[in-house]
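Residue numbers (the working numbering), protein chains in the order written: chain X, 9 to 254; chain H, 9 to 254.
Hints may contain errors.
It does not matter which identical chain is meant; a pair holds if it fits inside one copy or across any two.
EDC-like mimics (lysine to aspartate or glutamate), calculated; alpha carbons at most 20 Å apart, straight line [to be verified]:
(1) K239 - E80
(2) K196 - D221
(3) K93 - E59
(4) K191 - D221
Since the hints were derived computationally from the structure, they do not count as laboratory data.
Just so you know, these numbers come straight off a predicted model, no measurement behind them.
Now for the letters of each chain:
Protein chains: 2
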Amino acid sequence: MQLSEITEHLEAIEETIVFKLIDRAQYRENAVIYQSGKSGFSGWLDKSLFEIRLRYHEEMDAQFGRFCVPEERPFTPELPLPRRKVLLPETGLAIDSYDTVNLTEEISAGYRRLVAELCVDGDDGQYGSSVEHDVYALQAIARRVHYGSLYVAESKFISAPQCFGALIDARDGSGLLGLLTRKDVEEKILMRVREKTVAVQATVNSAVRRSIDPDIVVEFYRDCIIPLTKKGEVLYLLNRKAGNGI
Amino acid sequence: MQLSEITEHLEAIEETIVFKLIDRAQYRENAVIYQSGKSGFSGWLDKSLFEIRLRYHEEMDAQFGRFCVPEERPFTPELPLPRRKVLLPETGLAIDSYDTVNLTEEISAGYRRLVAELCVDGDDGQYGSSVEHDVYALQAIARRVHYGSLYVAESKFISAPQCFGALIDARDGSGLLGLLTRKDVEEKILMRVREKTVAVQATVNSAVRRSIDPDIVVEFYRDCIIPLTKKGEVLYLLNRKAGNGI
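Based on the provided sequences and hints, a complete structural model is requested.
Shown next as structure tokens:
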């Protein structure tokens with residue numbers, strides 16, 4: 009439970025998030041895929057195509073045991089049980105249910121706003137590909153938020169159990185948020201994400217493939233990924249077993 | 009049916025293939041996921057975890073109508089019917105069944121060899137993530153091969169129906185292969201794929217994230233993607249309706 013290793017993992021998955029956003033942006037926004045009752049999908053006429061795809065994908069993932077992993081929190085309720093045993097190393101986390109820290113609703117809302125910025129307006133008819141790539145992007149983002157929420161919080165806690173314990177005992181969420189916040193680290197992340205988004209697209213032939221604006225990715229990190237990760241850290245600490253440091 | 013537009017689309021999806029290979033390479037080879045009878049997945053004990061994941065994923069995709077699209081050919085037989093109507097623009101293709109040009113078996117075998125080169129040897133226990141990314145990579149590769157097979161072949165045919173028609177009438181597969189082959193174009197693709205693989209990874213922090221060797225991607229294009237695309241083009245032409253150009 010070394011903070012340096014945890015932040016290295018968070019850094020390593022930045023490229024994956026950028027890749028998946030770029031792939032989604034090859035399609036138009038296709039707003040109809042987010043509208044309830046417009047899916048044309050038999051048996052699910054009250055849902056949007058996006059919601060149906062996410063449910064189907066997570067039903068599959070659940071059977072493969074994805075949600076046994078702490079940082080893989082589902083967007084969808086009532087999923088089937090795993091059909092294989094997932095052997096996990098000792099997590100070191102001190103929480104009864106990982107779903108105490110489930111920020112998927114806010115991730116989903118933030119992502120929906122992102123898509124409107126990221127993609128060209130309008131409709132290209134590529135609904136199946138759009139929702140497919142929505143799911144890939146959402147899962148990568150959710151993994152980042154939840155991994156950070158759980159492991160950053162625990163590792164910071166064990167580095168200063170007295171300070172955190174006192175705030176936990178006082179149920180002082182904003183105190184915890186203050187203690188967790190490192191503006192300099194956040195600025196470093198934003199700068200790195202910008203550089204990566206630029207570099208990854210440096211050789212794109214813009215006549216044949218769409219590039220995305222690095223500002224949009226940076227803003228999404230600043231306004232969604234980072235604040236939700238910190239919100240998740242606070243949630244984790246307020247629900248930590250033996251929260252007073254024992 | 010302009011060859012220039014078709015090759016632009018093939019160029020545009022090169023990045024997507026590179027992204028997905030890089031994401032897969034963040035996990036070890038995990039050879040056990042390709043071994044039959046080692047999945048630990050209830051109900052499918054004779055298959056490999058990879059085969060089971062691919063089947064589940066394609067069963068989902070089939071219900072969303074993916075395989076109504078000409079270039080989306082399934083790896084798995086006996087898939088469920090679509091649960092939504094997929095509206096396609098006129099394809100311009102002249103073939104009775106798109107599955108006449110289905111190279112998934114060879115794509116799968118080539119991909120399996122690629123994984124052994126691409127990934128670090130050994131086992132990291134990340135079986136679920138590995139097969140998940142295998143499916144993403146395989147589908148991107150298969151889309152490239154089948155799109156090229158169908159549309160490049162048709163567009164070349166209509167640009168020279170007499171030449172192609174004579175070879176088709178003579179059932180001359182190797183003559184067709186010769187007529188379709190443009191070594192200079194292939195060299196350009198290989199050079200571009202190398203440049204992209206380098207550029208996309210230019211800012212990777214190698215202390216936290218694995219990079220892949222551009223040579224491996226280039227070889228995969230040279231030994232698998234390009235020859236299979238040409239094989240698919242020949243298959244298309246030999247099965248073209250009114251193959252003599254009428």
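Evaluated hints:
no.: 1; hint: K239 - E80; in the structure: within (17 Å within a copy, 41 Å between copies)
no.: 2; hint: K196 - D221; in the structure: within (19 Å within a copy, 28 Å between copies)
no.: 3; hint: K93 - E59; in the structure: between (27 Å within a copy, 17 Å between copies)
no.: 4; hint: K191 - D221; in the structure: neither (23 Å within a copy, 36 Å between copies)
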